[in-house]
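All chains, full assembly: derive it from the sequences and hints.
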Amino acid sequence: MAPDVFSALANPVRRRLLDALLDGPRAAGDLAGRFDLSRPAVSEHLQVLRQVGLVREEPRGRQRYYHLDPRPLAEVGRWLHPFENYWRGRLDALGALLDAEADDVPRPADSPDPDGSR
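If you count by UniProt numbering, then the sequence shown holds residues 1 to 118, one letter each, in order.
Hints were generated in silico from the structure; no laboratory data involved. Cβ coordinates follow ideal geometry from the N, Cα and C atoms, glycine included. Just so you know, not all the hints are guaranteed correct.
Stated by the list, open to error - Derived DEER-like restraints, expressed as beta-carbon distance ranges: (1) Phe-35 with Leu-73: 18 to 28 angstroms; (2) Pro-82 with Ser-7: 35 to 45 angstroms; (3) Pro-106 with Leu-80: 38 to 48 angstroms; (4) Gln-51 with Arg-78: 30 to 40 angstroms; (5) Leu-80 with Arg-16: 13 to 23 angstroms; (6) Asp-92 with Arg-56: 38 to 48 angstroms; (7) Ala-102 with Asp-19: 36 to 46 angstroms.
See the structure below:
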């Protein structure tokens with residue numbers, strides 16, 4: 001079974017590799033130096049990211065540079081969108097409840113109203 005974007009992103013090392021590529025291409029050795037893993041282990045993670053299209057490899061002489069390709073993340077964004085709407089609605093409802101409770105809380109006589117008046 002070929003790995004998919006979701007399974008590739010499930011691994012924290014792979015997410016950190018993508019974070020490292022946000023600022024631009026990096027050499028494989030530079031990427032490997034960021035982890036307490038062997039170079040072959042980091043190479044395996046990069047291979048998974050390459051297979052799902054999240055990174056592309058560019059040979060430059062004896063080194064290999066990796067570039068971020070965020071296009072496959074659109075699939076993740078489409079999947080997350082309904083959850084974003086769900087949580088936005090839940091947080092809006094919580095905010096309305098907190099506002100209603102704040103309006104019902106009696107204030108001491110010497111404290112100003114929220115609008116700054118007494």
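Right, here's what the structure says about each hint:
no.	hint	verdict
1	Phe-35 with Leu-73: 18 to 28 angstroms	22 angstroms, holds
2	Pro-82 with Ser-7: 35 to 45 angstroms	20 angstroms, violated
3	Pro-106 with Leu-80: 38 to 48 angstroms	42 angstroms, holds
4	Gln-51 with Arg-78: 30 to 40 angstroms	20 angstroms, violated
5	Leu-80 with Arg-16: 13 to 23 angstroms	20 angstroms, holds
6	Asp-92 with Arg-56: 38 to 48 angstroms	40 angstroms, holds
7	Ala-102 with Asp-19: 36 to 46 angstroms	39 angstroms, holds
Of the numbered hints listed earlier, those contradicted by the structure are 2 and 4.
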